[in-house]
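Trainee: Below, each chain spelled out in residue letters.
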Amino acid sequence: MVSFVLIVLISLVFSGIVIRTKSIASGRKGPGIWQPMKDIFKLFKKGAVYSETTSIIFQIAPSIYFASVLMAIMVIPLGNSKGLISFAGDFVFFAYVLAVGKFFNIISALDTGSSFEGMGASREALFSMLAEPAFFILMGSLGLLTGYTSFHEIFMAFHFGSYVSYALGVIATFILIMICMIENSRMPVDDPKTHLELTMIHEVMILDNSGFDLGLIMHAINLKFAMYGALIANMFLGDAPMYLTIPLFLSIQVLFAVVVGILESFSARFRMNHNAQFILVLSSLSLLMFFGVLMVLGKFN
Amino acid sequence: MNYLSIKNNQRVALESIPTLAYEVFYHEVVTHLMTGEDAHCVNYFGIPSGKEVKLICCIANDALGTIQVVATLADPEKMIPSLSSKIMAFHAFEREIHENFGIQYVDHPWLKPIRYPFDRATKQCQISNYPFYKIESEELHEVGVGPIHAGVIEPGHFRFICNGEQILHLEIQLGYQHRGLEHLFVEKKGLLQRATLAENIAGDTVVGHTSTFANVWESLCGFTASEKLQFDRALALEHERIAIHTGDLSAICTDVAYQLGSSVFGRLRTPVINYFQQWCGNRLAKSLIRPGKTNFPSTPQLAEKWFEVFHAYEPHFTEMALQMFDLPSVLSRIEKTGVVSRETALDIGAVGMAARASGLKRDVRSSHPTGYYEKTSYQPIMGQVGDVHARSKIRFDEINTSIAFIKNMLNQMPQPDGEIKPLDSPAPGSFVLSMTEGWRGEICHCAITGSKGELLLYKIKDPSFHNWLALALAVRNNEISDFPICNKSFNLSYCGHDL
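Chains as they are written, first to last, in our numbering: chain A, 1 to 301; chain B, 1 to 499.
Source of the hints: derived by calculation from the structure; they are not laboratory data.
Among these hints, one or two may not hold up.
Pair by pair, the computed Cβ-Cβ distance ranges are [what the hints assert, rightly or not]:
#, chain 1, residue 1, chain 2, residue 2, range
1, A, I24, B, N400, 28 to 34 Å
2, B, S332, A, I24, 25 to 31 Å
3, B, N400, A, K45, 47 to 53 Å
4, A, F44, B, R179, 41 to 47 Å
5, B, S341, A, V92, 51 to 57 Å
6, B, Q323, A, L294, 41 to 47 Å
7, A, E132, B, V309, 49 to 55 Å
8, B, V309, A, I262, 29 to 35 Å
Covered by chain A, according to a simulated footprint, are these stretches of chain B (three or more residues, beta-carbon under 8 Å) [to be verified]:
#, region
9, 136-149
10, 254-262
11, 319-333
12, 472-484
In silico lysine-lysine, BS3-like type, Cα no more than 30 Å apart, as pairs [to be verified]:
#, chain 1, residue 1, chain 2, residue 2
13, B, K393, A, K193
14, B, K7, B, K375
15, B, K452, B, K54
16, B, K189, B, K286
17, B, K286, B, K7
18, B, K123, B, K51
19, A, K42, A, K29
20, A, K29, B, K305
21, B, K336, A, K193
Every value quoted in this text rests on a predicted model; they were computed, and no experiment measured them.
Just so it is clear, CB atoms sit at the ideal spot from N, CA and C, and this is done for glycine as well.
In isolation and in its complexed conformation, chain A is listed as follows:
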């Protein structure tokens, strides 16, 4: 319960912090941190325009997408308090409830019949397919290490004792940050700011969405950022009491937003055909983590 409320709260300012960091990094003042939310509220007040070539799928997809992200957030715990839903194997539920949202997003893009959106849909499908093994090998290794299969129990049991587990924590954090960037179609895989229909992945899929629907999709991105931020925070929270976990959680989220801003400021994005290689590197990194876990468990003797 606590985690759900906190994630929703932090999602309101997450994009704002990212944009502010990017502005400061390039020597500008930049908009206030509430600006992205104001833009989204403006969209919520507007009606949506639907193309005549689209069907019901195009109209329901944004809501399903938004709902899927909310569902996924429900399973995320915070320190020693469980998420709204918690059961053995809930990380599989987490991954596939997000996939359902993404599936609807993709078929709604195909539903418009636009050549751009088809391109975007095929890119999105390819890249999230490539990112999937990385997430499952990562969570699988953590499950193997701790002997549990739900987020709450895994994170409660995952403590930093030996040097090896520090190394595992660093690798896991890096993989989670990168998966988050890929899932949200951000740098270095995609750039939401360029706004060129030929180069984008996620943004090109939502070219035909407008008004309320567009607002939902935009805010789903904020929620997803905060959700992955919460996963990262959980790696470090352990069993600390609530008065420590909440400030720690908030500062890790802010730090994460600043890191995203800096990642997006000082380099160019990848060429599209390098993206696939880059994402596969994440899978091999999570394999490294898997072997690390096997080593800790003494399976190599």
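Add chain B to chain A, keeping to what the hints say.
Mentor: For chain B alone, kept in the frame of chain A given last:
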């Protein structure tokens, strides 16, 4: 001799251009004039002459520093062989002649419309039945972009035929911006009206086009620009080059999503372009250049201001550019992307900065210098590979060269002019061709006057007219997501092409 050899900006009598039968003309152009790499066609256009159309072909020879002019008469009723089938660089000129006068070519490789309908000989040819190239296949898909640009700049339609993410073919269809500028030049009689038209040929090359117009007009009137006038025009031309090149570097950074480069170059461009505001009251240098005079002569105070602007500009620019050309993530995007080989550039008659980036020496400032450039021996800056990196690097190098050039100029500013005598009226029955190296490349204007000295024809050619095809060929076999940076690296003009 079967042709007339003239210098850049030289006035000749229209009669002195030899008019040959089409077969002789064809042979002359293909075998004697278009010889070697130094010869390239700078303008080829028609002017109605009774029932027939007089075609005038101007071929510049960079080695000799001359322009060979030869004419012929063509009958729209008859089919004639096309020069494009032998030399590809003529394709756009012949399409234009076909479109305006209905001249029939037997073997033109692809005789499709070049601009929007109202100047066409055949009005049935509409934008709605434009003959796009098609490949029948289940595997390939077409992506159409435009004519409304996502960034709401100028209109143009780009149609890609792709195999997955890879571009197999790009067809660029322009003409939406056709304003009938060449007709307006003849219709509007006032010199100020014409100068204003010249300023609006392409909004980003105001100095380039207006100074070419001024040169043409002064040459027609037999006026020799004073040392000070020439100085001011060269100063404005080089300054425009710095401003636009800096903006282009910013745009290239934006398209590879390199935020730091994008915002720093963008910030650096503003004071440079604003210098024109201080000079003549307009950021784009409109009203700065006028035939036969200047309303805003440069002064030592302005020179001091210039040094101030560039004292602040240079260190930041150099630091940012060095960082950009040293950053692996940027290099991996721009290197080996959108390659135009030297052979391709030569075949299609590419000009200017894009041609030089491919290793083809095309620079009017050194090959056909006029005005201030006659006194300098400008050495063109060359690239080799012809990829996006080469076109970005050449901008960096040209900015530095132009800064050094202007610094050198300002240290020896000529004395202000006294009373300038007013322009005479244009000489009757004359032909003038004038070329200027704008920031994009070779600008070529031609004027023909009638028996009373009235303007019969004003022909404009922006470098984009040659270079759009270079873009279409550059993106082949590249990824479709790399198209925007290829496009920015050329930064061609839509309205300069459409006129």
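Trainee: Evaluate each hint against the coordinates.
Mentor: Now the hints, each set against the structure:
no.	hint	in the structure
1	A:I24 <-> B:N400: 28 to 34 Å	holds, 30 Å
2	B:S332 <-> A:I24: 25 to 31 Å	holds, 26 Å
3	B:N400 <-> A:K45: 47 to 53 Å	holds, 51 Å
4	A:F44 <-> B:R179: 41 to 47 Å	holds, 43 Å
5	B:S341 <-> A:V92: 51 to 57 Å	holds, 53 Å
6	B:Q323 <-> A:L294: 41 to 47 Å	holds, 43 Å
7	A:E132 <-> B:V309: 49 to 55 Å	holds, 54 Å
8	B:V309 <-> A:I262: 29 to 35 Å	holds, 32 Å
9	136-149	holds (count 5)
10	254-262	holds (count 8)
11	319-333	holds (count 5)
12	472-484	holds (count 6)
13	B:K393 <-> A:K193	holds, 25 Å
14	B:K7 <-> B:K375	holds, 16 Å
15	B:K452 <-> B:K54	holds, 20 Å
16	B:K189 <-> B:K286	holds, 20 Å
17	B:K286 <-> B:K7	holds, 28 Å
18	B:K123 <-> B:K51	holds, 19 Å
19	A:K42 <-> A:K29	holds, 23 Å
20	A:K29 <-> B:K305	holds, 28 Å
21	B:K336 <-> A:K193	holds, 24 Å
Consistency note: the structure conflicts with none of the earlier hints.
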